[in-house]
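Protein chains: 2
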Amino acid sequence: MVCFVKARDLVQDLPTVGPDDDALTAARLIADRGLPGIAVVDEVGHPVAVLPAADVLRFVVPGYAQEDPSLARVLDEACADVSAHDALHGMRVRQLLSPIRHRVELPAVDPDATVVECAAVMARLHSPLVAVVDDGSLVGIVTAPHMLERLLAADSASTNGNGA
Amino acid sequence: MVCFVKARDLVQDLPTVGPDDDALTAARLIADRGLPGIAVVDEVGHPVAVLPAADVLRFVVPGYAQEDPSLARVLDEACADVSAHDALHGMRVRQLLSPIRHRVELPAVDPDATVVECAAVMARLHSPLVAVVDDGSLVGIVTAPHMLERLLAADSASTNGNGA
Chain A
1 MVCFVKARDL
11 VQDLPTVGPD
21 DDALTAARLI
31 ADRGLPGIAV
41 VDEVGHPVAV
51 LPAADVLRFV
61 VPGYAQEDPS
71 LARVLDEACA
81 DVSAHDALHG
91 MRVRQLLSPI
101 RHRVELPAVD
111 PDATVVECAA
121 VMARLHSPLV
131 AVVDDGSLVG
141 IVTAPHMLER
151 LLAADSASTN
161 GNGA
Chain B
1 MVCFVKARDL
11 VQDLPTVGPD
21 DDALTAARLI
31 ADRGLPGIAV
41 VDEVGHPVAV
51 LPAADVLRFV
61 VPGYAQEDPS
71 LARVLDEACA
81 DVSAHDALHG
91 MRVRQLLSPI
101 RHRVELPAVD
111 PDATVVECAA
121 VMARLHSPLV
131 AVVDDGSLVG
141 IVTAPHMLER
151 LLAADSASTN
161 GNGA
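Chains as they are written, first to last, in the working numbering: chain A, 1 to 164; chain B, 1 to 164.
Just so you know, these hints were derived from the structure itself, not from any lab. Accuracy of the hints is not assured; some may be wrong.
If chains are identical, the list can't say which one is meant, so a pair holds when it fits in one copy or spans any two.
[Claimed, not checked] Lysine to any residue pairs mimicking SDA-like chemistry, simulated, CA-CA at most 25 Å apart:
id, residue 1, residue 2
1, K6, D55
2, K6, D134
3, K6, D86
4, K6, F59
5, K6, G140
6, K6, D32
Kindly generate the complete structure, drawing on both the sequences and the hints.
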């Protein structure tokens, strides 16, 4: 049983970025912390989007190489200018947010959301993380592996290992 | 520049599961290692699918709760039987693989794939990890945050901090 555990109890202390932050900063935070993605929060603390790590990679890879993997190989073997710094240098986080990500629903729950609600939002939106939002402002982030960890730990505590 | 770095140089030593393994084992591996997902490999070492952490959560949450978040709250507040152990107990990994995930292309590259090809596959399939496969057999896994880390590290080495 994991009743009475709320989203506010699950939040992790994870970094966020602003839409006008340097894209390279976002990439470095994801890389250094091994995050599945990062929340984008505006200047008044309102979450704007969740930026998955794979979406950042899209900008390091030229668009035509994404469409045609054989071009990706030619490009790389010719030792063309494939540099994460060069690709992201001068870009802002807002430019990494795809129009599709903007159109889809933000994976967010309120602080009183139950474990079941958090899991339902992640599962429905196929998002590796969910933003916990109180009256429009970001409270924190919960990632899918952390959710699973908490759900399994809660079970172990309540069942004393029963069901293993 | 990140030329000449191949997929085989990027693989991480991450656990895998088989389609007939206990679903709870897969959930525990994802939770304990903080993984964005896990590769499913058959008995002869051929990768079958990539199972994202969010997809495991789907099975911990009753289907009707996913469709209607208000039901999720009622369910949880009524302290109904929401247990990760109970939900996954007796299930096999193959039952966690959605028909949709089976139909979509496996995010995979060969060991000689370039960094650009790896990133292109992840970006195109919106996958947090890619399987490196040699002649049908799994060589290892590369996650999106690890890719970003390697791309940024390679840049730093070749530019001595230029572009920061």
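Verification of the hints:
1. In this homomeric assembly, K6 and D55 come within 25 Å of each other (Cα to Cα) only across copies, at 21 Å, whereas the closest approach inside a single copy is 29 Å.
2. For a Cα distance limit of 25 Å, the shortest separation of K6 from D134 inside one copy, 13 Å, qualifies, whereas the shortest one across copies, 44 Å, does not.
3. Taking the closest pair of Cα atoms, K6 and D86 come within 25 Å of each other only across two copies (20 Å); inside a single copy the shortest separation is 42 Å, beyond that limit.
4. For the homomeric pair K6 and F59, the shortest alpha-carbon distance between copies (19 Å) is at most 25 Å, but the shortest distance inside one copy (36 Å) is not.
5. In this assembly of identical chains, K6 and G140 lie within 25 Å of each other by CA distance solely inside one copy; the values are 12 Å within and 36 Å between copies.
6. When the C-alpha separation of K6 and D32 is checked against a cutoff of 25 Å, the pair qualifies only between copies, where the shortest distance is 21 Å, while the shortest distance within a copy is 28 Å.
Hint check: no violations occur; every hint is consistent with the structure.
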